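Produce the entire structure from the sequences given, and follow the hints as far as they go.
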Amino acid sequence: MAEKTIEIEVLRYHPEKDREPHRQVFEVPFTDDMSVLQGVQYIKDYLDGSLSFRWSCRMAICGSCGMMINGIPSLSCQTFLRDYYPARVRVEALSHFPIERDLVISMDGFIEKLESIQPYIIPKEPRTLEQGEYLQTPEQLDAYEQFSSCINCLLCYAACPQFGLNPDFVGPAAIALLHRYNVDSRDGAKAERMELVNSEEGVFNCTAVGYCSEVCPKHVDPANAVNQNKTNSAADYFLRFLAPKGGAK
Amino acid sequence: MSKRRPYVRSMDGWWRKNPYFVEYMIHEGTALFVAAYAGILLTGLLRLAQGEAAWNAWLSALQNPWYICFHLLALAALTYHTYTWFKIMPRTMPPVIVGGQRLSAWAITGSGLAVATAACFGLLAVVWGMAR
Ligand code: SF4
Ligand code: FES
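So the sequences go chain by chain: E and Y. Position 97 of the first sequence, counted from 1, bears residue number 97 in the numbering used here, the numbering being contiguous throughout. Position 114 of the second sequence, counted from 1, bears residue number 114 in the numbering used here, the numbering being contiguous throughout.
Don't take each hint at face value.
[Stated by the list, open to error] Pulled a few chain E residues facing chain Y out of the computed Cβ check, cut under 10 angstroms:
hint, residue
1, Asp33
2, Glu92
3, Ile99
4, Gly210
5, Tyr211
6, Asp221
7, Gln228
8, Ala234
Derived from the structure by calculation, the hints contain no laboratory data. This one's a predicted model, so the numbers in the text were calculated from it and none came from an experiment. All C-beta atoms, glycine included, are put in the ideal place defined by N, C-alpha and C.
And the structure:
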């Protein structure tokens, strides 16, 4: 019996020779247990070694294999060719990010944003080792747990037209992580982070499209973090008229 | 020298590229009907202030089949707008804890829609009662 094959169309871009990206179709042997990532790995191993893409864990936890698959931001290790077979599958680098090479995007902007939100606990009250660990109730854990599941895969940015239109927007994942620390009972740096929430690059770039939460593979619901912080930001704004000196800026 | 030359794709026609965005544009678009309807009601108020003749003229203008068509269209658009508004409501608020459990998204959307429907029919009943 002839081997089954599937066509994978890849958006290629090599900065040293291409002026702009172009499509290239590859024919890949198909089995029904193959992920899209395995499909592009086959291309690299057997058809064209110059194809570039990121991956590592192939089990939906490292967050590096995000691609547009038939126009939908997806983890390619978690998306299966059988769901498209026998039709052709289109893969492209994540939308809204500059293409570095083929399916590899430039993450520079995101890394800067991630740094800017101070994604670590800045203790409310520093404790010495002798004082022991910080204790938290299950309710206090529940307040932030979902937002701590983010794997920085950036699918949510590829789903956010407002980020596409204004790349300076801090964006869904970074705000979800910002929120994760702000609502952690051990943290004391909310006032500092609120400056970013309230800023020109902050939450009011969001128009509640909601697609970010739809595509998130880890059920972080970044749209919820962003929209809760619109309320927080408004409260911050009005409360500063009431607060004596030293209120939120 | 760096070989980097990141390519930025155009955002032209972004909302046509994904059915989710098309739906987003449609539900945002229904807000125009909300604005138009507010305009009609404000005109009515203005006519009322101008006296009985102006008011009656406005009322009879509303009998025009085109106007009635518009009202039906606006009703459909506003109903859809209300539905989508409550559908995204759970995404916009802090978790609601009832009896130690988070209220599900559908419970929030459902209660919102129920309250909106009750308020509409309540208002309708009041106005109906006054007009009789
Ligand atoms: S919020 Fe979800 S979609 Fe966005 S980077 Fe984190 S895990 Fe990925
Ligand atoms: S390879 Fe790690 S998330 Fe897909």
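Status of the hints after comparison with the structure:
{"no.": "1", "hint": "Asp33", "result": "violated, 28 angstroms"}
{"no.": "2", "hint": "Glu92", "result": "holds, 9 angstroms"}
{"no.": "3", "hint": "Ile99", "result": "holds, 4 angstroms"}
{"no.": "4", "hint": "Gly210", "result": "holds, 5 angstroms"}
{"no.": "5", "hint": "Tyr211", "result": "holds, 5 angstroms"}
{"no.": "6", "hint": "Asp221", "result": "holds, 7 angstroms"}
{"no.": "7", "hint": "Gln228", "result": "holds, 5 angstroms"}
{"no.": "8", "hint": "Ala234", "result": "violated, 12 angstroms"}
Comparing the model with each numbered hint stated earlier shows that hints 1 and 8 do not hold.
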